[in-house]
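Assemble the complex: chain H is given as a structure, and chain S must be docked to it using the hints.
Number of protein chains: 2
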Amino acid sequence: MDASVTPLPHSGLCLCQTTDFFYPLVDDPYMQGKIACANVLSDLYAMGVTNCDNMLMLVGISSKLTDKERDVVIPLIMRGFKDLAVDAGTNVTGGQTVINPWITIGGVATSVSQPTDVIMPENSVPGDVLVLTKPLGTQVAVNAHQWLDIPERWNRIKLVVSEDDIRKAYDRAMDSMARLNKTAARLMHKYNAHGATDVTGFGILGHAQNLAKNQRGEVSFVIHNLPVLAKMTAVAKACGNMFQLLQGFSAETSGGLLICLPREQAAAYCKDIERQEGYQAWIIGIVERGDRTARIIDKPRIIEVPGKDRDGELW
Amino acid sequence: MDASVTPLPHSGLCLCQTTDFFYPLVDDPYMQGKIACANVLSDLYAMGVTNCDNMLMLVGISSKLTDKERDVVIPLIMRGFKDLAVDAGTNVTGGQTVINPWITIGGVATSVSQPTDVIMPENSVPGDVLVLTKPLGTQVAVNAHQWLDIPERWNRIKLVVSEDDIRKAYDRAMDSMARLNKTAARLMHKYNAHGATDVTGFGILGHAQNLAKNQRGEVSFVIHNLPVLAKMTAVAKACGNMFQLLQGFSAETSGGLLICLPREQAAAYCKDIERQEGYQAWIIGIVERGDRTARIIDKPRIIEVPGKDRDGELW
Numbered sequence: 001m002d003a004s005v006t007p008l009p010h011s012g013l014c015l016c017q018t019t020d021f022f023y024p025l026v027d028d029p030y031m032q033g034k035i036a037c038a039n040v041l042s043d044l045y046a047m048g049v050t051n052c053d054n055m056l057m058l059v060g061i062s063s064k065l066t067d068k069e070r071d072v073v074i075p076l077i078m079r080g081f082k083d084l085a086v087d088a089g090t091n092v093t094g095g096q097t098v099i100n101p102w103i104t105i106g107g108v109a110t111s112v113s114q115p116t117d118v119i120m121p122e123n124s125v126p127g128d129v130l131v132l133t134k135p136l137g138t139q140v141a142v143n144a145h146q147w148l149d150i151p152e153r154w155n156r157i158k159l160v161v162s163e164d165d166i167r168k169a170y171d172r173a174m175d176s177m178a179r180l181n182k183t184a185a186r187l188m189h190k191y192n193a194h195g196a197t198d199v200t201g202f203g204i205l206g207h208a209q210n211l212a213k214n215q216r217g218e219v220s221f222v223i224h225n226l227p228v229l230a231k232m233t234a235v236a237k238a239c240g241n242m243f244q245l246l247q248g249f250s251a252e253t254s255g256g257l258l259i260c261l262p263r264e265q266a267a268a269y270c271k272d273i274e275r276q277e278g279y280q281a282w283i284i285g286i287v288e289r290g291d292r293t294a295r296i297i298d299k300p301r302i303i304e305v306p307g308k309d310r311d312g313e314l315w
Numbered sequence: 001m002d003a004s005v006t007p008l009p010h011s012g013l014c015l016c017q018t019t020d021f022f023y024p025l026v027d028d029p030y031m032q033g034k035i036a037c038a039n040v041l042s043d044l045y046a047m048g049v050t051n052c053d054n055m056l057m058l059v060g061i062s063s064k065l066t067d068k069e070r071d072v073v074i075p076l077i078m079r080g081f082k083d084l085a086v087d088a089g090t091n092v093t094g095g096q097t098v099i100n101p102w103i104t105i106g107g108v109a110t111s112v113s114q115p116t117d118v119i120m121p122e123n124s125v126p127g128d129v130l131v132l133t134k135p136l137g138t139q140v141a142v143n144a145h146q147w148l149d150i151p152e153r154w155n156r157i158k159l160v161v162s163e164d165d166i167r168k169a170y171d172r173a174m175d176s177m178a179r180l181n182k183t184a185a186r187l188m189h190k191y192n193a194h195g196a197t198d199v200t201g202f203g204i205l206g207h208a209q210n211l212a213k214n215q216r217g218e219v220s221f222v223i224h225n226l227p228v229l230a231k232m233t234a235v236a237k238a239c240g241n242m243f244q245l246l247q248g249f250s251a252e253t254s255g256g257l258l259i260c261l262p263r264e265q266a267a268a269y270c271k272d273i274e275r276q277e278g279y280q281a282w283i284i285g286i287v288e289r290g291d292r293t294a295r296i297i298d299k300p301r302i303i304e305v306p307g308k309d310r311d312g313e314l315w
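Protein chains in written order, with the numbering used here: chain H, 1 to 315; chain S, 1 to 315.
Same shape as in the complex, but just chain H:
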């Protein structure tokens, strides 16, 4: 499960909480703070919990920063984190800061909820479909963007992608990683979701396998479609097996929710989230009778998800 759920015997409530911390992956400190916050909260949202009562922040300040770098970068990271916490309707009330060789950013999200606020990720049935709320390929985009400054890396991919393609995918990836899964979580209740997980370090298939393993019923998940940031499939292919993107194992940061929904509700779910947020969600697979495993079909359909222009327009 993405968040721990602890019954609080005396009150009938339960405590849902999660923690996450990692290292910067984008070059905009303020966006990095937002991404870290979205990533922490995402584990609550994956359980259908939309109300976060409190957040704590975990910060490691790199001992290699100059005083000036530190005084510019760290407050921006912290501000991004706090601002997104406020957008999510919660607050950062404490935390811990240490010196560390690497910059570190993360936090803790806690909710005290009614048991009915929590959607346990275990009740999918044959006939459900799988919905994904954010595109894949964030790690490919982040890495490709770094390679713009590393000639021997850039040479490996420049035949399949332009600098502009990479910037657009990178901007869209940042946007996507900093986006809360809160609406996605709220709509899980409206459309009777049977369970979900968020897609992060293990990739879409890794998390699908974890979710499948956790089901009460004898089901398995089959993924037919992979929505990927535009051109990042070509980049991943040009890098050989390095990312394992099409195999489903490319790490994502602050990825979307992978949700099991009743078949007749899924299209309405996707339409509703697009209407409310302006971002697409996709039906990517089905739940069938099976042995609690997950797989991607032989030649999945790749959906090229537009990058982002600097003027904010989708590409």
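The hints are all genuine.
Part of the chain H face toward chain S, derived, beta carbon under 8 Å:
hint, residue
1, S4
2, T6
3, S11
4, F22
5, G94
6, T110
Calculated directly from the structure, the hints in this document are not laboratory data. Remember, it's a predicted structure, so these values are computed and weren't measured experimentally. Cβ coordinates follow ideal geometry from the N, Cα and C atoms, glycine included.
Showing chain S alone in chain H's frame:
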């Protein structure tokens, strides 16, 4: 405040939580795990909160460990952390593990409490006394113990202390850092404490100053006595101003509670904790009318606190 307190409007309860993580300081991984756990929980205990509903663990695995070192050391640290959580009547239900240049260990402690379970650290009055529940000097002992293997350091202190003195102080320090402040917290309620803090990185005076600043009434704290691990005062003096032990700024890890207690209750508090746990607590100062500051008197009385023999007997 040591822990954040967030009212939960619908239930009349409040959410108390804290997080802490740091780097190993003793050479026994299992004890290091216990110390980290005690240190995290201590922030709840400082607020009089004795019931922890859930813990999460934060682990950074050093990229410099060999596979074998990692497979021995990290599970021991985690086991120490978990075992002490169970001793404290709680459980570790999740957390986050990353690769990091430095080994990192810490966690999150959360309690959902009645507001009356929390003792806000702000209600001391002139006439109160200050009680401390663990000896000072843990950092001095830990450093001195490392210096046994560093001749140029050892040469600086060997005139004032024997190797045996250092081992005993180090063993007592480990024991002390791995000890929960839970009984100390429970007795705060029994003896009507007016507020407390736990003594960690800022040293006894640093934390006393923070606590004084947070008081509602116009009070100030005066410290007369410093209970210090035996011989560690001599070691600190031999090192010049390096530790700032007698100035009150030597960092402690998982230190004791510094508690404001009504004068007529303090002796009974100290007797009770010694009866229950076999460890002394000390009246170290007074609360007088003042401007919310704290100070140590000119020549404080140093109480030499016995080290620990390898057979477990106090020295």
